[in-house]
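Residue-level listing of the chains:
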Amino acid sequence: MQRSLTFNIFRHNPQDPASVPRMDTFRLDETDSMTLFIALHRLREEQDPSLKFDFCCRAGVCGSCAMVINGRPGLACHTKTRDLPAAITLLPLPVFRLVGDLAVDTGTWFRAMYQRTESWIHTRAEFDPAAQEARMENEVANAIYELDRCIECGCCVAACGTANLRPDFLAPAGFIRVARFAADPRDQRTDADFYEIIGSDEGIFGCMGLLACEDVCPKHLPLQNQLGYLRRKMGLTVLKRLLPFGR
Amino acid sequence: METDCIAPARPRSRADGWLDWVQMATGAALALFACMHMLFLSSVLFGAGALNGLSAVMDALHLETVGGVLIAVVFCIHATVAARKIPFKAAQAVTAWRHARLLRHPETWAWIAQVVTAFIVAALVTIHIWTGLTDLPVQAQKSAVRVQFGGWFWAYLLLLPALALHLVIGAWRAGAKWGLVTRENRAVLTRNGLYLLAGFLCLSLLTLLRFRLLPLD
Ligand code: HEM
Ligand code: SF4
Ligand code: SF4
Ligand code: FES
Numbered sequence: 001m002q003r004s005l006t007f008n009i010f011r012h013n014p015q016d017p018a019s020v021p022r023m024d025t026f027r028l029d030e031t032d033s034m035t036l037f038i039a040l041h042r043l044r045e046e047q048d049p050s051l052k053f054d055f056c057c058r059a060g061v062c063g064s065c066a067m068v069i070n071g072r073p074g075l076a077c078h079t080k081t082r083d084l085p086a087a088i089t090l091l092p093l094p095v096f097r098l099v100g101d102l103a104v105d106t107g108t109w110f111r112a113m114y115q116r117t118e119s120w121i122h123t124r125a126e127f128d129p130a131a132q133e134a135r136m137e138n139e140v141a142n143a144i145y146e147l148d149r150c151i152e153c154g155c156c157v158a159a160c161g162t163a164n165l166r167p168d169f170l171a172p173a174g175f176i177r178v179a180r181f182a183a184d185p186r187d188q189r190t191d192a193d194f195y196e197i198i199g200s201d202e203g204i205f206g207c208m209g210l211l212a213c214e215d216v217c218p219k220h221l222p223l224q225n226q227l228g229y230l231r232r233k234m235g236l237t238v239l240k241r242l243l244p245f246g247r
Numbered sequence: 001m002e003t004d005c006i007a008p009a010r011p012r013s014r015a016d017g018w019l020d021w022v023q024m025a026t027g028a029a030l031a032l033f034a035c036m037h038m039l040f041l042s043s044v045l046f047g048a049g050a051l052n053g054l055s056a057v058m059d060a061l062h063l064e065t066v067g068g069v070l071i072a073v074v075f076c077i078h079a080t081v082a083a084r085k086i087p088f089k090a091a092q093a094v095t096a097w098r099h100a101r102l103l104r105h106p107e108t109w110a111w112i113a114q115v116v117t118a119f120i121v122a123a124l125v126t127i128h129i130w131t132g133l134t135d136l137p138v139q140a141q142k143s144a145v146r147v148q149f150g151g152w153f154w155a156y157l158l159l160l161p162a163l164a165l166h167l168v169i170g171a172w173r174a175g176a177k178w179g180l181v182t183r184e185n186r187a188v189l190t191r192n193g194l195y196l197l198a199g200f201l202c203l204s205l206l207t208l209l210r211f212r213l214l215p216l217d
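The listed protein sequences derive, respectively, from chains C and L. So the first sequence is residues 1 to 247, counted in my numbering. So the second sequence is residues 1 to 217, counted in my numbering.
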């Protein structure tokens, strides 16, 4: 049976001083295999052309369409309306700067995170453009790829209690970045170097182990296991400094 | 280009790493102690003689005084260090509460429960340690008098579930933070945690009831 869906959507334009944050209600008849991507486009085309939201790939690849769907951060293009109740509440992701309505600016946050984690291979090896690319075991390459699949949607950041409480928290997306370079044999950074980036309460010691990030990541990155791994690694780095030869 | 979304990192120190160890280690030590404490007291289920006998042995070894003072110190350290994570500011508390309500995520609620129970545990355990340590050795009748006349029955009725929650959630979360609770074993360990919670609650409430009904001569 076809359902009539009710959408409660957050509306606000921070650029407009007269705009007051509010919730707008829309109705829409559900169609076969309807995703939130389709629903929002129809709402914008048929009911309110001023509705703001981000999309690009509509295939769960670009990470632009993340929003809070009935309380949980998720990708709108990946979410089928038939998996939701008839009343659907959509909010923009918290933590990030609001562009308008459901659109947030994740780019600035991720850019700053990349700078803070120094998200590039640190090596003293001279680059020789004529040489063949260095070989890498398939297992290592796969392990790195597994940590590199993040699409920067920001769902994990929005779901993280610590990130909501403190804006300086590096957050799960930042930790998985660090884990990615820590796993890469070409990166010559040591544990002590990584400690400079994540060895603090703004870093891995601020994580409270609530695992909301793990539960919302639409790409199922191994956040939980990597957070535990990084904490042990950084915890041991502190302990090692006790030893005379550990400094 | 703006990069002001994340505040600049402050100069590194080792303090945060150390404090994290201390928080986990003191929490784990208190949790282990609380379990042993409960097993010890539950010997009263076999009669006042069992508890008094055990207590006499421990007192002869000075375990009750020395251990009691040590635990009091660890308790103070844990409370001080772990309180860093409590969102004390009103705005933070509101953010945490709204976040939990919005997300409807069990582990996030568990953390809220841990913070709330921390206050109950802090207040009641402080008084409990004081009354206990100023009235050593532990004897079944002395405790029974407190439970039957001193109003402690109601205090314990609040403290025991609060402590059980704080302890089990704390142990689970420490495991999650340090990577003992993994994606693979999370479901099993969560179930075991709930069994532990139930076991802790049953045994401690039974013991309390036994004290309540213990005949006083
Ligand atoms: C006998 C009493 C107590 C026991 C058995 C206990 C046990 C634990 C354990 C095992 C943890 C997890 C440690 C970790 O996450 O690293 C923990 C965390 C915590 N404890 Fe306690 N605790 C006790 C008393 C208290 C008191 C009195 C306070 C009051 C301030 C407190 C506040 C906290 C807080 C806020 C956390 C969470 C820290 C975080 O979010 O990372 N605890 N406790
Ligand atoms: S496990 Fe840590 S990083 Fe992930 S949501 Fe919880 S506090 Fe944030
Ligand atoms: S780790 Fe997952 S939830 Fe977080 S930004 Fe990347 S893809 Fe999104
Ligand atoms: S539109 Fe690209 S992830 Fe949804």
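These are calculated hints, taken from the structure and not from any lab test. Even glycine gets a Cβ: it sits at the ideal position worked out from N, Cα and C. A couple of the hints might just be wrong.
[Unchecked claim] Pair ranges (Cβ atoms, derived):
#1 C/S119 - L/T182: 23 to 31 angstroms
#2 L/A93 - C/E133: 24 to 32 angstroms
#3 C/A86 - L/C76: 31 to 39 angstroms
#4 C/P85 - L/F40: 30 to 38 angstroms
[Said to hold, decoys possible] Computed footprint of chain L on chain C; a stretch qualifies when at least three of its residues, placed anywhere within it, have a C-beta under 8 angstroms from a C-beta of chain L:
#5 46 to 55
#6 64 to 74
#7 125 to 134
#8 217 to 229
[As the list claims (entries may be wrong)] Derived lysine-lysine pairs resembling BS3-like cross-links, with alpha carbons at most 27 angstroms apart:
#9 C/K233 - C/K219
#10 C/K52 - C/K219
#11 C/K240 - C/K80
#12 C/K233 - L/K85
#13 C/K240 - L/K85
#14 C/K240 - C/K219
Restraint status (C-alpha distance of C/K240 to C/K80 at most 27 angstroms): Distance ~50 angstroms between C/K240 and C/K80 Cα, so the pair is violated.
Assessment of proposed distance window 31 to 39 angstroms (beta carbons of C/A86, L/C76): This hint is violated: roughly 53 angstroms between Cβ atoms.
27 angstroms limit on alpha-carbon distance, applied to hinted pair C/K233 and C/K219: 25 angstroms, holds
Outcome, coverage of the segment 217 to 229 of chain C by chain L - at least 3 residues whose beta-carbon is closer than 8 angstroms to one in that chain: Holds, because 6 residues of the segment 217 to 229 of chain C bring their Cβ atoms closer than 8 angstroms to Cβ atoms of chain L.
C/P85 versus L/F40 beta-carbon gap, inside 30 to 38 angstroms or not: The hint (30 to 38 angstroms, Cβ to Cβ) is violated, given that C/P85 and L/F40 are roughly 51 angstroms apart.
Cβ contact check, 8 angstroms cutoff: the segment 125 to 134 of chain C against chain L, three residues minimum: violated (count 0)
Given hint C/K219 paired with C/K240 - CA-CA distance at most 27 angstroms: Status violated; Cα separation ~35 angstroms.
Coverage assertion for the segment 64 to 74 of chain C with respect to chain L, Cβ distance below 8 angstroms, three residues required: holds (count 3)
Coverage criterion applied to the segment 46 to 55 of chain C (partner chain L; beta-carbon cut 8 angstroms; 3 residues): violated (count 0)
Verdict for L/A93, C/E133 (Cβ pair) under range 24 to 32 angstroms: Violated, at about 53 angstroms.
Status of the given 23 to 31 angstroms range, CB of L/T182 versus CB of C/S119: Given about 26 angstroms between the Cβ atoms, the range holds.
Distance restraint between C/K52 and C/K219, which requires alpha-carbon spacing of 27 angstroms or less: 25 angstroms, holds
Hint compliance for this structure: hints 2, 3, 4, 5, 7, 11 and 14 are broken, all remaining hints hold.
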